[in-house]
Every structure is written in C-alpha cells, then in structure tokens.
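A.B. asks: Given the structure of chain A, go ahead and fit chain B onto it with the hints provided.
Each chain, written out:
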Amino acid sequence: MSSNIPCRKAFTSKLTELAKKDPSIIVVTSDARGSVTLNQYAEELPDQFVEAGIAEQNEVGIGAGMATFGKRVFVCAPACFLSARSLEQVKIDVVYTHTNVKIIGISGGISYGALGYSHQSLHDMAVMRTFPGMDVIIPSDRFQAEAVTEWLAKSDEPAYVRMGRGAVTDVYARSEGSFTYGKANTLKEGKDVTIIAAGETVGKALEAAELLEQEAISARVLDMATIKPIDREAILKAAGETKGIVSVEEHSIYGGLGSAVAEIVIQENPVPMRIMGIPDEITIEGDSAEIFDYYGINPQGIKKQALSILKG
Amino acid sequence: MSAQEELILHLKKKSVLMRMDLLEMLEPGKVGHLGGSSSMIDIIATLYFHKMNISASEPKNPNRDYFIMSKGHSVPAQYAALAEAGFFPKKEFRKMKTLGGMLQGHPDMSTPGIEAVTGSLGQGLSVGAGIAYSLKIMNGWSNQVYVACGDGEMAEGQLWEAASFAACYKLSNLTMFLDQNSLQACGPCSEVMCIPDLAAKWSAFGWDVIEIDGHDLAQIINALNHDSGTKPKAIVSKTVKGKGFSFAENVVGFHNGAMTREQYETARNDLESLWEELN
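From first to last, the protein sequence lines are chains A and B. Its first residue numbered 1, the first sequence is counted upward by one per residue in this note's numbering. Its first residue numbered 1, the second sequence is counted upward by one per residue in this note's numbering.
Excised from the complex, chain A in its bound form (with noise of 0.2 Å):
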C-alpha cells in the first residue's frame, strides 16, 4: 500500500518516542532539522537536541565528543554531505575511536533529483562499508525504518544509515519482524532468478518479480537491509537455489550492494549476476523518479536484466 510517510519521517517519530524514555539519546544536526523532520523532537526535547550549524566536519567531531561522555548520539543531515565532506571525522572520530555514533544520512541516494550531482550520495555505501566496525543500514520502507531505529537505540557500535526523501510503497505491512540485523528478507520466494535489493529499490524489484510471474518465471525477492555485515547465507542460497541473481540499487555500480553480492558469489559459488545501479557517469538531473527510469532502475528493467540472466 502506497503511504505519505518517508522513511526519514518514521525514523524522527519513532526516535522521539526512544528519546522520551533514553535521556542518553542526543541528536546533533546541521541547519537540517527540516530536511531530516526534526523540528517536533528538537521542540520536545529541546534538552537531547543541539545545533552545530552548516558545519558538518565539527558536527561529527562534536557528535564523537559526546559519545565519548557515554551519550548515545544521533548524528543527521543530509547523506551527501555527512558521507563525503565528514568522511574523514567519521572515520577518525567514530570509526577508529569507536564511538556509539550513528551516522543517519537523509535523502540519500538520488532523493535530491534535480539539486543536483552535489546532492547526491551514490558513494556512501562503497566507503562506509570499508570502514572496520561500521554498520551499514538503508531501509526500505517506513514500517522497516521504524524497526531500524529501534535496533540502532539498542546499539552500541557506529553505523551509517541511509534514507530516502519522498515517501515510498509500503513493502511491509508492520515494522515488527521487518528488519534483523544482518539477515535479509526474503519477501518472495522463487526458484528461477533472484533479485537481490536495498532501500527503496526494494518496492521495485517485487514490482519486477510480479512481471516475471506473468511470464512463468519465479523470482526469488531478497531485501538487504544490512549492507553490512551482510547475510552471506542468504546469498549463498540465493546462488545455490536459482539460476543467478540481479542486485538492484540507489548507488553508483561501484562498491555498494551489487559488488558486497559479487564478493560473496565470485568467491563461494560464481553464478551470472548483473549489478543494476547508477552508471560511472555524472547523473542526470531530474526528480528522482525521472532519474530511476532514465537508467533503467524500475519493474521493466530489473525484469529484463533477470531475462538476460535466464537467457545465458
């Protein structure tokens, strides 16, 4: 079911509920507290909140301060900014320092559309999971972004999570059971070909696998949640149970879901694979719909590159 509601919506509602009963929990954020829909918690918790201002390296550092006190911090603003221009505080200060820091990334991906190329973070999975010690998180719907947040208020490592702007299709019904650390979803079983995607890839892959029903095709549907540590298991299934298998991502074809896939695959069992995501090229503005479809990320896509697999 379609809904209103973006992943990033559902993450600040149900932090501010976490935040209520956890004193410890503190959010820091730069100028963002509008694109990340903070303004309810920072005016309910104006205690557990604090403005670091468009100062997105001092923010992480701040965050990192923090965290070393015993605080369990937040730290959120836009995805392109905190993946690349604080890379290396995220690195020094929450990485190496090992920091209960998370690195909460808004409107990842392509979500800015027509801002831009400077808005856009189609990198961020490929350093962040190079990181020792990082989690690596994107939810794919809002019911899944609520049971990360509650996973990530549970724990104490760093980890980076990545959400989307616009609301998207409901993939689950609830957010019980729709996210364990590490393992993927299997949201549709299949014997053919799998389809393996992250975030909000994930409504279009099951979109891709009902087109493939209607030519007697079953595909197996896999949500990733967890780029990293991620669920080998699954995978290896998935290698060992179909003919091979399609990743499907918000990233640059470099690095994020489709190559932690291929690791797994080339090494423990090689079957074909074909890694859909945003080509080596400087993206194309647009909005973000506009954007999927000019690469070929959407149903029909996903389905034909699962074809090729099928068709050797």
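FYI, nobody ran anything at the bench for these hints, they're computed from the structure. Treat the hints with care, since some could be wrong.
As the list claims (entries may be wrong) - In the SDA-like style, the derived pairs of lysine to any residue whose C-alpha atoms are separated by at most 20 Å in a straight line are:
no., chain 1, residue 1, chain 2, residue 2
1, B, Lys-170, A, Phe-49
2, B, Lys-30, B, Lys-91
3, B, Lys-136, A, Glu-51
4, B, Lys-60, A, Gly-70
5, A, Lys-91, B, Ser-120
All values derive from a computational prediction rather than experimental measurement.
C.D. replies: Only chain B this time, still in chain A's reference frame:
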C-alpha cells in the same frame, strides 16, 4: 621558598624528566616528532602535574579532567606525562612506533589516558567541544577540557567551526592551548600559510584570549587560573620548537627527524646537568 616557587620547581623537574622521556622514545636514528613534542612539554607538565584532576589507577574516573592532543604528532609529550603519572610503565617508551607496542605514532584509544584519536589535524577541538558540551550543558558538571593545537594546524578549517560552536554555546569549561612554535613540517608557518593575528582571530570568534610565553611556568599557571567568565579560553603560547634540545631548537628538520648518537648524548648531558641544578 613560597608555595608558588615550590610548585614551579616541582613542574620544572617534571619538565626535565619528560624531556628525558622523549629521549627514551626517540633513540638515535629513530624518526619522530621531537620539535612539536618538546615545545609542548612545559604546558603539558603544568596540566598533568598541577591543574588537571586525573587518576592513573582509574583513567576513566567520571570526575576527571580531559586532555586532547589535537596536534596528534606531539603525543610523545603526552606519553611522557602519562608515564610520569603512572598510567603505564616507562618501558613502553622504547617500543613506541613498533609492531605490538602500546604507544603509536599518533594517539590511539588503546593507550591508557588517551581521550580521543587524533593525527588528522584540526579535529581534536571538535571532540573536546563535544565532551565539554556534555559535561557543562547536559550534565551540569564542572570537569574541565583542555585541547592542544598547533599553529600550522590553524590552517585547518574545521578548527574554526569548532571555535564558533564553543563560543556560541559558552563552553567556559573548554581551554585551547595554541602551541605557537612558528614552524611546521615544510618551513616557517608564516611562509607555508600566513595566518596573521591568531590571538585577534580567536578573540573575534568569541574566545577569551591570553597570550603567554609557553615555557614560563608561572605564566602558564596564571593563564590556567584566569577566570574567563562564560567564554571558552584560548591560551596563545609562544614556544620554541625543539625546546630543551639545543641542536633542534627552531630547526624545521626536527619537526619529524632523527637524532644522531652525538645529538642524543648532547641532549642527555644537558638535561642531566639541568636536573642536577634543580636538585
């Protein structure tokens, strides 16, 4: 002898011992950051052996004060203080920067007494400000946070983000020592990147600025005791890079250089003579 004179004598002795410790860490032929470590020694000695509330037996005691070496390459000066204070044995000095050694080339959280990883310049003040904000504004505690920065480091933009943040939130429990030794890796700071009027800049950013001779212990003590009201404090300290090592004083090459055996012996003899004078 007055209490103040006794304190200064005590700190002078600590400073000599800590400079001897640098010799242990940087034996002949071993490349290390002697210049910026030795320029900080008198300030670090005053912090650890006079001003700061610390506990070697309980490094994470919640009542402790915090010190962050934002100019992370000068961490040998902090290692000297930590070992003199009993945080770890001096036998670790010889293993500094070796495989399996506790003491890395830049601060690492696995070393007792280290509060933040640094090494990439410009980042320590932000972490210190985050700790100071938590202490003062969130918890209402009176612990102090001290951060040491270098003058070459002043070219890093993030420092000025942190400077704005600390002044905006009135982090009066935060003190920044600027180790103004006037040299950096590739030459005089004024030639590599001229940033004039640093004291005026920190003042303009809303900090209470005190300018001192960073080797004059009385001036260091007075600056630390000075009440800055609601402002964070910047102690702009004129220092000599390589201070206490005659062959290294004001020599760019000792930003990260190695002593010869002869230089090592010269330093040892000078420091031993100084030690005898003080006793």
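A.B. asks: Next step is simple, just say for each hint if it's right about the structure.
C.D. replies: Each hint tested on the structure:
no.	hint	verdict
1	Lys-170/B to Phe-49/A	holds, 16 Å
2	Lys-30/B to Lys-91/B	holds, 16 Å
3	Lys-136/B to Glu-51/A	holds, 16 Å
4	Lys-60/B to Gly-70/A	holds, 11 Å
5	Lys-91/A to Ser-120/B	holds, 10 Å
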